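> Between the sequences and the hints, there should be enough to build the whole structure, so can you do that?
Top to bottom, those sequences are chains A and B. Going by our numbering, the residue at position 19 of the first sequence is 60; the numbering climbs one at a time, nothing skipped. Going by our numbering, the residue at position 60 of the second sequence is 68; the numbering climbs one at a time, nothing skipped.
Hints listed in this document are in silico derivations from the structure and should not be mistaken for laboratory results. Do not rely on the hints blindly, as some may be mistaken.
[Stated by the list, open to error] Chain A is nowhere near these chain B residues, computed Cβ spacing over 10 angstroms in every case: (1) 11; (2) 22; (3) 24; (4) 27; (5) 28; (6) 30; (7) 49; (8) 65; (9) 70; (10) 144; (11) 206; (12) 220; (13) 221; (14) 233; (15) 234.
[Said to hold, decoys possible] Reference excerpt, derived from the structure (chain A facing chain B, CB under 7 angstroms, subset only): (16) 91; (17) 93; (18) 101; (19) 171.
Because the structure is a prediction, the values reported are computed rather than measured. Quick reminder that beta carbons are idealized off the backbone N, C-alpha and C, glycines included.
Each chain is listed here by its residues.
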Amino acid sequence: MTTPRGPQPFSGQEKRLRLLAFVRQDSVVRVDKRVEDTAMVWPHLLVIEFIAAMLWFIGLFIISAAFNAPLQDHSTPDCTPNPSKAPWYLLNLQELLLHMDKGLAGVIVPTVWIVFMMAIPYIDRSREGVGIYFTSPNGKRIAYFAAAYATALTFSLILLDKLLKDHGYIQFASDNFPGGKQLFPDYIIPITTMIVLSAALVLLVKIIFHGNTREWMIAVWTGFVCVYLVLTIVGTSMRGPGMDMYAPWALPSTHQCFAP
Amino acid sequence: MLELPAEMWRRVKSGPLWKSLFRHGYPDSRKNQSLAVFTNVFLHLHPVKVRRHALAIPYTWCMGGLSFFLFLVLTLTGTLLMFYYRPTTDLAYADIKDLETVVVFGQILRNMHRWAGHGMVITVFLHMVRVFYTGSYKPPREFNWVVGTLLFVLTLVLSYTGYLLPWDQLAFWAVTVGYNIAQAAPFVGNEFAFVLFGGFQLGANALLRFYVLHVVALPLATGFLIAIHFWRIRKDGGISGPL
Chain A
42 MTTPRGPQPF SGQEKRLRLL AFVRQDSVVR VDKRVEDTAM VWPHLLVIEF
92 IAAMLWFIGL FIISAAFNAP LQDHSTPDCT PNPSKAPWYL LNLQELLLHM
142 DKGLAGVIVP TVWIVFMMAI PYIDRSREGV GIYFTSPNGK RIAYFAAAYA
192 TALTFSLILL DKLLKDHGYI QFASDNFPGG KQLFPDYIIP ITTMIVLSAA
242 LVLLVKIIFH GNTREWMIAV WTGFVCVYLV LTIVGTSMRG PGMDMYAPWA
292 LPSTHQCFAP
Chain B
9 MLELPAEMWR RVKSGPLWKS LFRHGYPDSR KNQSLAVFTN VFLHLHPVKV
59 RRHALAIPYT WCMGGLSFFL FLVLTLTGTL LMFYYRPTTD LAYADIKDLE
109 TVVVFGQILR NMHRWAGHGM VITVFLHMVR VFYTGSYKPP REFNWVVGTL
159 LFVLTLVLSY TGYLLPWDQL AFWAVTVGYN IAQAAPFVGN EFAFVLFGGF
209 QLGANALLRF YVLHVVALPL ATGFLIAIHF WRIRKDGGIS GPL
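This is the structure we're talking about:
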């Protein structure tokens with residue numbers, strides 16, 4: 042039996058080498074960090090963090106000194122305020138409730154959106170434009186376009202829904218639509234509208250701006266942000282008693298105790 | 009005249025107590041600046057160096073850091089509020105009233121907790137918007153984006169569960185809207201609402217459940233995810249920047 046040439050592994054080394062093989066080369070994140078491009082965290086980053094935290098704290102303190110947290114009367118299940126509103130950050134969902142089925146607006150749509158949000162990085166895989174706002178000038182134009190598209194359409198749809206309902210749409214749907222006032226008005230029309238308008242936005246971005254995956258993702262995201270904001274604003278400042286629509290400057294005060 | 013305090017200060021700094029606390033000199037050299045960051049439990053979340061790009065305020069607007077800062081403010085003010093608050097239907101409202109009228113600085117304590125809660129919803133949302141528009145979710149940061157999305161949802165739920173606790177008309181009816189939405193969930197709506205609210209209508213069980221969720225379960229879950237979030241920032245190559 043011949044002895045192999047070269048340095049021999051000492052006892053136990055072979056085992057360790059084998060363990061190292063588990064750490065695959067591509068699992069190590071390569072960081073492109075050149076020396077001249079870096080700054081010491083102490084003091085350069087810490088001073089920014091400290092000042093930001095202090096300014097924020099002072100701002101919070103001033104706001105807290107100036108404005109008291111709301112506190113109404115003791116809760117009374119027999120006394121319903123009109124309108125009863127959710128906290129402002131959920132008023133977008135409450136606004137959506139007025140235009141479709143409760144379960145669809147309050148549970149399914151947000152769940153689908155959250156799952157979609159989590160899936161974004163697994164759909165848009167390219168590393169192009171990391172660290173640059175909107176990736177490119179084209180991306181910025183797309184964001185503006187999507188913002189205008191989503192804001193205008195959401196407002197229009199809310200107004201259209203109000204207009205139709207004012208003109209006896211529910212009664213008409215009950216009498217003429219298959220499934221009565223539920224199937225089409227509560228499910229099929231809203232679902233179709235949401236899917237078709239989102240798909241149309243992606244299509245428009247692809248046709249007009251020749252958008253790639255990152256760019257149509259910017260359009261969809263911007264669309265979501267605008268819809269979210271429009272629904273929040275309408276829900277907060279344009280819904281009065283009975284969740285009827287009012288101009289923000291003509292919004293009646295809430296009836297604190299509404300006898301049904 | 010200043011020789012005595014200077015001598016005392018020198019002795020303190022060369023004494024065993026000081027040396028057991030700080031294992032580096034004044035951070036005016038690269039070595040001590042590095043040691044100051046990675047030998048400090050609070051600062052070691054940071055790397056020793058960052059890219060200059062990451063320091064630009066218009067890049068991040070400090071929104072992630074400020075969200076965490078507000079989380080800390082909320083933890084502190086929330087803990088103080090817990091000393092005065094009892095989550096039962098006969099006492100909750102009176103305790104909030106007492107906070108406003110009897111407890112010294114109670115009103116401002118409650119105000120800070122309330123406005124910081126609203127503020128955190130805004131900063132987390134803006135942080136997400138920034139991360140999206142700068143493409144910072146892209147590989148290798150995909151998973152951290154998922155964690156961030158969950159943190160956004162947790163922030164909303166934390167804020168929502170806290171909304172019920174004053175047990176006033178505003179709280180009761182705002183949460184009733186949520187109850188009706190939960191009930192409308194397909195297939196399991198009633199069961200889901202029953203488990204979350206502890207009954208078929210808003211009452212003592214709902215208040216207790218929301219309290220426990222608000223002060224124990226959700227902050228723990230949020231803290232757990234924040235730890236993962238921060239750890240992943242480091243492991244994924246630090247704050248994003250142009251390639």
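> Flag every earlier hint the structure violates by its number, smallest first.
Structure breaks hints 8, 9, 10 and 16.
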